[in-house]
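Working from the sequences, and respecting the hints, build out all of it.
One letter stands for each residue in the lines below.
Protein chains: 2
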Amino acid sequence: MDLHDLPTPALIVEVDAFDHNVATMAAALPGDRLRPHVKAFKSTALAHELAVAGHLGFCCATTREMAGMAAAGLGHDLLLANETLDVRRLQALTTGADARITVAVDSAETVEAAARGGVGEVLIDVNVGLPRCGCRPEEAGRLADKARSQGLEVRGVMGYEGHLMTAPEDEKAARVERAMAKLTAAQEAVGGDVVSGGGTGTFAVNRWCTEIQAGSYTLMDTHYGATDLPFRQALFLWLTVVSVNRSAGYAVADGGLKALGMDHGNPTVVGGEVWYCSDEHTTFGPGEGGTLPAVGDRVRVAPAHVDPTVAYHPRMHVVRGDEVVDDWAVDLRGW
Amino acid sequence: MDLHDLPTPALIVEVDAFDHNVATMAAALPGDRLRPHVKAFKSTALAHELAVAGHLGFCCATTREMAGMAAAGLGHDLLLANETLDVRRLQALTTGADARITVAVDSAETVEAAARGGVGEVLIDVNVGLPRCGCRPEEAGRLADKARSQGLEVRGVMGYEGHLMTAPEDEKAARVERAMAKLTAAQEAVGGDVVSGGGTGTFAVNRWCTEIQAGSYTLMDTHYGATDLPFRQALFLWLTVVSVNRSAGYAVADGGLKALGMDHGNPTVVGGEVWYCSDEHTTFGPGEGGTLPAVGDRVRVAPAHVDPTVAYHPRMHVVRGDEVVDDWAVDLRGW
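Which chain is which? The protein sequence lines are A and B, in order.
Note that our numbering numbers the first sequence so that position 219 is 219, with each residue one more than the last.
Count along the second sequence from 1, add 335, and you get the number used in our numbering.
In short, the hints are calculated from the structure, not lab data.
Yeah, the Cβ is synthetic: ideal placement off N, Cα and C, and Gly gets one too.
Hints may be right or wrong, so weigh each one.
Not everything, but these chain A residues come out facing chain B in the computed CB check (under 8 Å) [said to hold, decoys possible]:
(1) Glu83
(2) Tyr250
(3) Thr291
(4) Val295
Right, dumping it as structure tokens:
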């Protein structure tokens, strides 16, 4: 199919950029040095491409993602890199899935939920500076003891330095080192051989984790794109211009707030300048030195934040040039 | 089912507030004085409640919403209050749906798409100040002639004063009057008896439209809630606290950017103060004079923007007090 025959709004993946991203990361962090984070793309079809590239362990943010990965035959080593108290969903996962299941825990309550949910293995989630989940580093050893006392195998620790993903390059390595010092200290108390953490923004400087949890690098967004990463923008929202106001100097394309994650601000129209987004529209001007498109023209829009953008869409259309070459269902949405 | 047995994150509708909102609007704008906008809630089950309240005509933002409403037996008078060039989707709609279908047009191209798509009736969409779709008021008559020359019935005009929805109360009526003067002037040139426009923020002051296109009033959000409207917050995201950091003074609940429209900023945790949202988490403090919850507690989160929030969810759970009394599928998502 020709890209111009695709009904809009549609999410497209430029496969040459995607392949570049996957190959670049696999060269830097081959095999199980990378544990790709499924939350960025929520697609078993995309995850399968990463397995082909050599990464067989994955991490997930929801039990739904875990169950879907297992059902797709990608359950070699699945980590729920998040806390849950939902014993029923854990039980459904551990009894129904043909998969190795590991779950993050950071409190007595989450340890108990894991044990009741039939989980065999856990990581102690340690807070390394991001104000989110994770126990205090000095509590990690005690929590590991508690987990073991409830019959859980403790594989090691996890700590996500999410607050440093887009830190200035000249500070990033030193700040990641300080964050990871907390994690490695916790690991000494916890035991186990897994030290899991990191992300797209720190993969190159985080030398302390045994495995890096990156996902955004596959598709990218303009937030990460503004940094010095060696990855290319592969994900675009593909829209049709449905209205043009030449006297006021703007055009309107047929996708907006319900097709784009907006927490990082406006997306970027390729060849234009965004005025604002509304539910089903993006209003944009021609940008400096550019011209307004015509009604019926198509435009590419680069999202500001990949994860909540993909979560709005039922599928991604894989394109090479103007040809649609594949279709990846976003089959891990919801909870 | 008890609300506390509902897996989280879940979108809940407090039915007493919803009923208040529906009754309040139906008293102000009974029957076809209101054309509820489906885009706010994307649910035929919710739309059915509005039909029971006496509103039989609806407007939609997508062909998907139009087709779903028709299939649900709610096709008495459906307006696509948006521009489209997608002839195939229009053809599928006009040949497949047992419904009265009217479509907004604002250009020669959209007139032609409507005609080729088998649409029988159109409204001329007029720009009344919002930088989005709509022809210039002085072009409306000529566009109506063009539509009629292509065999389309022109029912009248449409003009959405979206830029005035949350205008200061002491200016709102005068500014709406100026915007609507453009629309009524256009109607004189166009003919027809429909003047469609308005929304939740202007329903009380827009005396020029024959029908008001409001949808947000049913569920509400904190953006509209900050104004003087007589509607109550009926929609909440229902979350479980999965982690608490007492030394740092925050708690973490299990829903975030993939469950909330973020373009209007952070949501509001009832009884708390939001620090920030990430993909699957909301980090919040206790708020002034409050206390931190415990791991396992549930919290209500009021969204900042209703439409893109609902669009993330497969269903809404209808609750009265702590009892889940119904379940409304969000069956009109996607495109």
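Verification of the supplied hints:
1. Interface restraint check for Glu83 of chain A: the shortest CB-CB distance to chain B comes to about 4 Å, inside 8 Å, so the restraint holds.
2. The restraint placing Tyr250 of chain A at the interface with chain B holds, with a minimum CB-CB distance near 6 Å, inside the 8 Å limit.
3. Against a cut-off of 8 Å between C-beta atoms, the interface hint on Thr291 of chain A is violated, since the closest Cβ of chain B lies about 18 Å away.
4. The criterion of a C-beta within 8 Å of any C-beta in chain B is met by Val295 of chain A, whose closest approach is roughly 4 Å, and the hint holds.
In this structure, only the earlier hint numbered 3 is contradicted, and the remaining ones agree with it.
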